[in-house]
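There are 2 protein chains.
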Amino acid sequence: MNGAQALIRTLVDSGVDVCFMNPGTSEMHFVAALDDVREMRGVLALFEGVATGAADGYARMADKPAAVLLHLGPGLGNGLANLHNARKGHTPVVNIVGDHATYHKQYDAQLESDIETVAANVSTWIRTSASVEEVAADAADAVAVASGPPAQIATLILPADVSWTEGATPASPVAPAEPTPVDADAVAAIAAVLQGDEPAALFVGGRACRADALVDASRVANATGTKLLAETFPARIERGAGRVPVERLAYLAEFAAMQLDGLRHLVLVDSKAPVSFFAYPGKASDLVPEGCTVHVLADASGDPAAALAALADAVGAPADGATIQAEARPELPTGPLTADGVCQALGALLPEGAIVSDEGNTSGLFAAGHTAGAPAHDWMTLTGGAIGQGLPAAVGAAVACPDRKVVVLESDGSAMYTVQSWWTMAREQLDVVTILFNNASYAVLNMELNRVGATEGGPKAKEMLDLTRPTMDFVSIAQGCGVPATRATTAEEFVEQLRSALATPGPSVIEAIVPSII
Amino acid sequence: MNGAQALIRTLVDSGVDVCFMNPGTSEMHFVAALDDVREMRGVLALFEGVATGAADGYARMADKPAAVLLHLGPGLGNGLANLHNARKGHTPVVNIVGDHATYHKQYDAQLESDIETVAANVSTWIRTSASVEEVAADAADAVAVASGPPAQIATLILPADVSWTEGATPASPVAPAEPTPVDADAVAAIAAVLQGDEPAALFVGGRACRADALVDASRVANATGTKLLAETFPARIERGAGRVPVERLAYLAEFAAMQLDGLRHLVLVDSKAPVSFFAYPGKASDLVPEGCTVHVLADASGDPAAALAALADAVGAPADGATIQAEARPELPTGPLTADGVCQALGALLPEGAIVSDEGNTSGLFAAGHTAGAPAHDWMTLTGGAIGQGLPAAVGAAVACPDRKVVVLESDGSAMYTVQSWWTMAREQLDVVTILFNNASYAVLNMELNRVGATEGGPKAKEMLDLTRPTMDFVSIAQGCGVPATRATTAEEFVEQLRSALATPGPSVIEAIVPSII
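Residue numbers (our numbering), protein chains in the order written: chain A, 1 to 518; chain B, 1 to 518.
Chain A with its partners taken away, still in its complex shape (with noise of 0.2 Å):
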């Protein structure tokens, strides 16, 4: 067995069976070794950014790492932003890059670059696998490091003469970390101060929002009579009928500052204290408010669900206590097609178990709202701000969960990142419907361009902020990329077409043609 083979088996037998690649020579006896090791599902991507998103959603919806699989340090650069969005995410990700054989190193070839320098920024544990003997083993320490609590990106630096030599043996599974217990002086504060009088929120984020957990932070909320709000980007919120409704904080400094205003407490449950997404001019960067004290009843390292059940009895709620979201939907949209239009469209006819991949951006933003009483839903955000995500995201969760539709709201601007999810899509025929909010600007950036103070733009500024000359065609895009595609210019048509997508298993694209909203 050659250290490809006791690699590939060992993180299957460690729970990995999915490995998004994107591989090179270097690679190529990982490659044959997906003949020997049939369990381990390999899953091409025509670029990286595609492979390291497909893994974060994979493992946002799974609850446990996929591998990706790189060539050399391009690849790892092209795979970086995605990876990035993990990182912020507390995404497993078991990233194996593949090198030079350890001999070949030394002649500075042309692909030889400093992956360990590249990994380092989405990675703090990063080994190399120095021999035969040790792959095995490294593979079963970055599952277990990778998988947490806390997860995150674990990079394993695979040269090619450790994949292919013989004498490899597979590793036993290597246990995660157990999660920090939970802190009943902390808990037993907390509640004290939950049940005073003083302005006070609990600010859920990471695990704490999944169903269950949000349950109880309801019911401590109600409670107690303190606020509920979620990050702004969570990674994965589950939501809609039957579900715990949470205000997440607002993108936009200006509106985060007054859902957070007054308060005097704020208890963090797997989340971190609100910070400005950018800094401005003469703007505060950090949003806790003067005089407001911050408290961490969990932390990414810790047990979220457990630490807010604990909470809930320390203060007594009762079981039933929690706010519970009738269902509800908008009407179907008429007329001219908006992104509002879009948003109501999606929210009237969501189908129930759905997974929202959300990088609507502008477009997207009233998503959210009409989507609030569709039935039982979860939805993923853009956790780290490197766009490009959404797309590849919607890959991944639909290889973890094959049963379920997934509806990506994608912009213009940021599909183009990635827009080779497609042909992912249309390979794996991945149960996925985008729907392409096209609007032809980066819209977000001109109104950054006027928040930042960088006066109104002059034509030259506002040229680098448009996408028209030529405005794309994603429909032609999408359709050379092997994946179905319709055009809606009416919300009729979007109607339709958005019925039809929903009906039809396998994937398609809806570009729906909008005015900015800025």
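Treat the hints with caution; some may be incorrect.
Chain copies aren't distinguished; within one or between two, either way the pair holds.
[As the list claims (entries may be wrong)] The calculated DMTMM-like cross-link candidates involving lysine to aspartate or glutamate, where the alpha carbons are at most 20 Å apart (straight line), are: (1) K462 <-> D17; (2) K460 <-> D36; (3) K272 <-> D114; (4) K64 <-> D212; (5) K283 <-> E112; (6) K272 <-> D261; (7) K283 <-> D63; (8) K462 <-> E428; (9) K64 <-> D473; (10) K460 <-> E428; (11) K105 <-> D286; (12) K460 <-> E39; (13) K460 <-> D17; (14) K462 <-> D36; (15) K272 <-> D108; (16) K283 <-> E166; (17) K227 <-> E254; (18) K460 <-> D261; (19) K462 <-> D35; (20) K462 <-> E39; (21) K462 <-> E254.
FYI, nobody ran anything at the bench for these hints, they're computed from the structure.
Could you slot chain B onto chain A? The hints should help.
Showing chain B alone in chain A's frame:
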């Protein structure tokens, strides 16, 4: 004047007047300043790899750096692969990476990451502008360092508040380094070796692949019975009728070994000693034959053209002693379309002064042979092995040389990494003909799978190298990006489409459906 305005003014005063960019919020003041310093041309790319590859192609043709503007760590990650190619080709690039405001970094906002570690993969000169007082001088230094020799990637990290703060003053240009003087002793010693009886070769690369330098190299070779070889992947080689024909070292180590067999002396001229592109089990990585002495006439810090001229003098080569390529074009191909036929048509029709960006990989293997006697033209290759370079480099070359026709030889697998290039070609109406070889496979990897000894490859492995299910339709993708496109399945169709594309200004794409040569 704010920091961004002073920075751009300084770049322009230092000769850098094109910026390929994919900006975000933290770069909005840079973008706004384009209207204040109107000599700077901003060229928008929809993906960072297009921007960095375009800067590479631009500098290869303009012989001076362009700037690129990227958005934080993820943007740099997306641009890294083509910066890697530029680094390996010794191409100058002023790599500007926007960052959060200095005071904002402590909050670890969503887009916060360690930019310097990523930059270290491609840059030995990395500077974070610390204040508005320093930013202009930093920019002048960056241009000088990038320009070299040795030419390199200079990375300037630009915090948003340094951009937006008032009080900056433009800086004067900084003179770049002088090349290392030609070493008369080394010239004399090498001349003696070449005039001796032992088999020797001149191995030219980098700036030694320009027309004038090659004339001197050929004079030396002919006067001394020395073999003349060029590196496998030159950044830019000037060739065709009226120029010196030069054999390039083969990509496959087996063939390269034959070209180098029996040599006792190898003289490097702005090149590095040949090594195998990848390692293969049981095969040598170092391609310099046993017993062959390596001599350095000039390196990337020197002046290879002057060194070759001095060497020609030292060996007493006659002024007209160079071998000059006669004009010779192949016949037009007929019948079913093949990769060879495409290259034959290119040789028959390539216009004088054309620039060829060659990422044809396996399908492009015949291109050099069929175009050897075409009218004088420039040829750019994939210097660092990170695929997705051909289309962006063509963007940059076309911006640098608006009066010359650019032809891209691109393969299906490679095209998909930076396919967004077509949109920039359409927006800027660049005069670029893309010849897209569609053989529906990662053909080079099918070859490599066998070469690395990874068995024949089972069905799961083969699947990872196969680009069918679905076959991509590049006509649709190109049209979706705003570029007119046609498809050719016979040689006659291809010839007609190529004639038409060459005769029509502006971008076009021809998808050539060809069988894989592997």
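Quiz prompt | Earlier hints that do not hold, by number | solution = 7, 9, 18 and 21
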